[in-house]
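Peer 1: Each chain, letter by letter, is given below.
Number of protein chains: 2
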Amino acid sequence: MGTREIGLPQRVPGTGLPARVTIWEVGPRDGLQNEKAIVPVAVKLEFLDRLAEAGLTTLEATSFVSPKWVPQLADAEELLAGLNKREGVRYPVLVPNERGLKRALEAGCPDIAIFGSATETFAQRNLNSGLEKQFEMFEPVLAGANGLNVRAYLSMCFGDPWEGPVPAEQVVRVGKRLLELGCTQLSLGDTIGVATVGQVEGLLAAFADAGVPADKLAVHFHDTYGQALANTVAALRCGVSTVDSSAGGLGGCPYAESATGNLATEDLLWTLEGLGIEHGVDLDALVKTSAWMAEQLGRPSPSRVVRALAG
Amino acid sequence: MGTREIGLPQRVPGTGLPARVTIWEVGPRDGLQNEKAIVPVAVKLEFLDRLAEAGLTTLEATSFVSPKWVPQLADAEELLAGLNKREGVRYPVLVPNERGLKRALEAGCPDIAIFGSATETFAQRNLNSGLEKQFEMFEPVLAGANGLNVRAYLSMCFGDPWEGPVPAEQVVRVGKRLLELGCTQLSLGDTIGVATVGQVEGLLAAFADAGVPADKLAVHFHDTYGQALANTVAALRCGVSTVDSSAGGLGGCPYAESATGNLATEDLLWTLEGLGIEHGVDLDALVKTSAWMAEQLGRPSPSRVVRALAG
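Each protein sequence line maps, in turn, to chains A and B. For the first sequence, counting from 1, position 159 maps to 146 in the numbering used here; every step adds exactly one. For the second sequence, counting from 1, position 266 maps to 253 in the numbering used here; every step adds exactly one.
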């Protein structure tokens, strides 16, 4: 048709937005652990290297959770041993408990993440713990990780499949406790993807009121109800400048009835590009990488940008 | 798993947003004209009736464009003759030109929409006209439609596949001209889905600066790059309170490399519900309708909300 290739959006800066956003790429961990397929370690290593090559500087590489629960990431040691660690790139790993921390430290990881819950029921069911009891589990991890970067994921910050809506005060209380225990960053997760923009602004205002600065916070949206990008923009307006996303929207399946993937990194990049917010990533290289990974998984990418540009 | 059904998001109102939004449902027209399948008229009639039953009050029913160009809507007369018109529901139809207007008037439609272009190339290629010349085409239509509601679609308001970025001043100039010709509402279309939130705010500010009140404007986003909902929220913040969307995201295909569907009405409703903005639609009934229509089309709905709730 002779149409002109539009590879990037027009730049029209917004007001009151951060000048630079750090993308915390969770595709290799949160994405792949939610895919049906078990991806060979060689493919994961190529994936991680291509993500770094595209300019992403924070790559959550894997998880030291029990292989019984997450067989998709059972190869954590092998993966880390084979990793081509690049200058200027962080490769944090998820550790669920002390045993996970031990494995991470033995593998030479200076950058870890723990996984907490904002609700009682999820803490019981997913962490085999409780809303208060989880801190006992994290204390020795944080003691052992003294001096490391320790991100805390806080799950179910907006809605919980058993409890329904989650009060902002409860999320702030649990989040502050994790920061007091020594966590260096909180990632506020909408694990089931139900949040809308007013709720996001409300929770971030509650954190600000409680004296937690926005630079201690990251946001982590799943696109289950199509709200992930709108919610992310709302968070940027509130001063948050670390955003979790997964390349190609990994972890969601376009065929599945319920698509529960993370916000796609490419769809986020399109917004950041348009707003003139610095991000350091080569969109074209990332789209090619996600299209390649979709081939490995044998299904199209749920990222709209990948589908629009990779054709 | 005994999880609690979350059918609606938590209500947390935002600030500076309209109290009520009118959804201009374009699924039966813009949606179906972009589907490969030609849907039988009986199915379309059931679809329209179910949309009205769900509470939608503005249903763009069909188009009087030449069947040669849009065979999907070749049954416009038959459809309108069979329509179960409900009290309080508007059934606007698209008319491309005088001949289309004549067909619409003969079919008893008091509510029409014309289809203009914000760019020279699209006006030439799609309207067989030109950026200035299009007004000559619309003048007799508007004269003939004296006293009717006449919405003007303005295509390519943010980016054009041939020309690239579209200057806001150009869009405002063409838009004002259409209002001066007698159009009662302008629907600003991101036909290729490239816009981001800053650009949306910029264009709406330019219309405000030119003296066009927000209540003369509607927004019409396609989700090609995943930006439709974030852009819609940006428009709501600018005071726009009429939003175009298509039930189930009709017109986009989850399998296609390039998904060019409209914003899904259900994904919009999720946001409006969460923000406590009045809309008058029963989400559950709409989800069931879109799931049914997806079955008719033989493919899953691209709406995330439909996929999450219809399972």
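There may be inaccurate statements among the hints.
[What the hints assert, rightly or not] List of simulated lysine-lysine pairs, BS3-like, C-alpha gap at most 30 angstroms:
#, chain 1, residue 1, chain 2, residue 2
1, B, Lys72, B, Lys55
2, A, Lys23, A, Lys72
3, B, Lys275, A, Lys23
4, B, Lys163, B, Lys23
5, B, Lys120, B, Lys89
6, A, Lys275, B, Lys23
[Stated by the list, open to error] Covered stretches of chain B, going by a simulated chain A footprint (3 or more residues, C-beta under 8 angstroms):
#, stretch
7, 8 to 17
8, 185 to 196
No wet-lab data here; the hints were simulated from the structure. Note that beta-carbon positions come from the ideal geometry of N, C-alpha and C, so glycine has one too.
Peer 1: Run every hint past the structure and note whether it holds.
Peer 2: Right, here's what the structure says about each hint:
Distance check on the hinted pair: lysine 72(B) and lysine 55(B) sit about 28 angstroms apart at the alpha-carbon level, within 30 angstroms; holds. Among the hinted pairs, lysine 23(A) with lysine 72(A) is consistent with the structure: their alpha-carbon atoms are about 27 angstroms apart, no more than 30 angstroms. The straight-line distance between the Cα atoms of lysine 275(B) and lysine 23(A) is roughly 28 angstroms, inside the 30 angstroms bound, and the hint therefore holds. For the hint linking lysine 163(B) to lysine 23(B), the alpha-carbon distance of about 35 angstroms lies beyond 30 angstroms, and the restraint is violated.
Of the pairs offered as hints, the one joining lysine 120(B) and lysine 89(B) holds, with about 21 angstroms between alpha carbons and a cut-off of 30 angstroms not exceeded. A threshold of 30 angstroms between alpha carbons decides the hint, and for lysine 275(A) with lysine 23(B) the separation of about 28 angstroms falls inside it, so the pair holds. Beta-carbon proximity to chain A at under 8 angstroms applies to 0 residues in the stretch 8 to 17 of chain B; the threshold of 3 is not reached and the given coverage is violated. Coverage of the stretch 185 to 196 of chain B by chain A holds [criterion: at least 3 residues with CB-CB distance below 8 angstroms; count 4].
Against the hints set out earlier in the document, violations occur for numbers 4, 7.
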